[in-house]
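*Asks:* Chains Z and A, in that order, give the protein sequences.
Numbering of the first sequence is given in the working numbering, commencing with residue 1 and proceeding in unit increments.
Numbering of the second sequence is given in the working numbering, commencing with residue 1 and proceeding in unit increments.
No lab work stands behind these hints, which were simulated from the structure alone.
Glycine is no exception: its CB is placed at the ideal position from the N, C-alpha and C atoms.
Check the hints yourself; a few may be wrong.
[What the hints assert, rightly or not] Ranges between beta-carbon positions, derived for each pair:
1) Z:V173 with A:E2: 18 to 28 angstroms
2) A:L21 with Z:E242: 25 to 35 angstroms
3) A:F8 with Z:E338: 51 to 61 angstroms
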Amino acid sequence: MGLDYQLVLWNKHKKTYDKIIAFSMLLYIILFAVITLVFNAETSIETLVIRAFGSLAIIMLHIILVIGPLARLNSNFLPILYNRRHLGVSMFIAALIHGGFSIFQFHALGDVNPIYSVFTSNMDYASLTNFPFQVLGFLALLILFVMASTSHDFFLGNLSAKVWKRLHMLVYVAYALIIAHVFLGAFQQETSVFTIGILVIGFVIVVSLHLITAFKEGKIDAAKAEEKEGWLKVCDISEIEEDRAKIFTVENERVAIFKYDGKLSAIHNVCKHQGGPLGEGKIIDGCITCPWHGYQYLPGNGQSPPPFTEKVATYALKLQGEMIYINPDAFNEGTEVEPCNY
Amino acid sequence: MEIIITIFLIALGTYVLIGLLFGLYFLFKGAAKIDPLMQDTKKRVRFLLFPGVAATWPFLIRKLFKPKTT
């Protein structure tokens, strides 16, 4: 939400989170090195760096993957979600150090191009136990690079939200490649038991949280509203908290109905910035505020306050007693709709 | 298999090379043509965006040839 682009969108809270990320990464690397050297003093520095940063990147990737579902299940996790972009870039840096050192140690000291060597030094592609697992890590690193390098609002605006989202959904492809990379590496005894343990526990947590969230959201989408003369019955006023919203699915689109200052307004649930769920945000300073990055919209017309230009679709509401009804036909984005007074 | 790998890596190298050239064009000339907001944006932001521009050049290059709607 701005009239020019900033190098990094920092504020006091984000700086604090970034310091926590940097400190945690440093602490992990030091602890990993100390523990490794205590138990295996002969470990070379290159191997230590490769393993420390590889396992760090895996842990960070798991945290990144569970932040979304956790924030949907419990709003206390939302502050971590705000900082996911910086966490992602930090994770890529850890993965890059792991990959860079690996390529240098195993592929850069011969007379073959190191990247070509990654793909051809072991041609046993048909084998499970001797599969060239480093190729999978390299491909995952390429995906993480694209994601990290496009983690800026410039790309969201210029690639289009749809393309940007699709690019960033590739994180699941990268995750699958990394799982295969570690497990196939384990067959060749180049992966520590510790890393495999993290991966197994992490995989179970990631999958479980995604399934629970999908089940919860599936219930919202499956709820069928009762129709009355073209209006859909949604809920009682008392079911919505003050300055908060309730999300409903209307004509296959999610709509957020906000309750504020004795009024009710309905807007499309998807934020124009990164597709955040507006209905999980709240009214701050009279504006609907996206829980992901704080983009704001006026509840009466779905427009960002001037000079900003983002707009979302609005919907007409009516009250019968305490019951809220919505007209399922959306108005054009940014259309002024008289709030429903109660 | 080696042929497939060679073709893949040549394609990847070509993609990266074009991306780097496009990234240089973006740095010194094209940024504001792609996005008018870049006009008032500090130069160092362009350097930060360089790797992403090089990685996503097929999407951004289309914006250069899109007729302006205003």
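*Asks:* Now look at each hint and say whether the structure bears it out.
*Replies:* For each hint, the structure was consulted:
In this structure the hint that V173 (chain Z) and E2 (chain A) lie 18 to 28 angstroms apart at CB holds, the actual value being about 25 angstroms. At about 56 angstroms, the beta-carbon gap between L21 (chain A) and E242 (chain Z) misses the expected band of 25 to 35 angstroms. For the hinted restraint 51 to 61 angstroms between F8 (chain A) and E338 (chain Z), the CB-CB distance of approximately 59 angstroms keeps it satisfied.
Violated hint: 2 only; the structure is consistent with all others.
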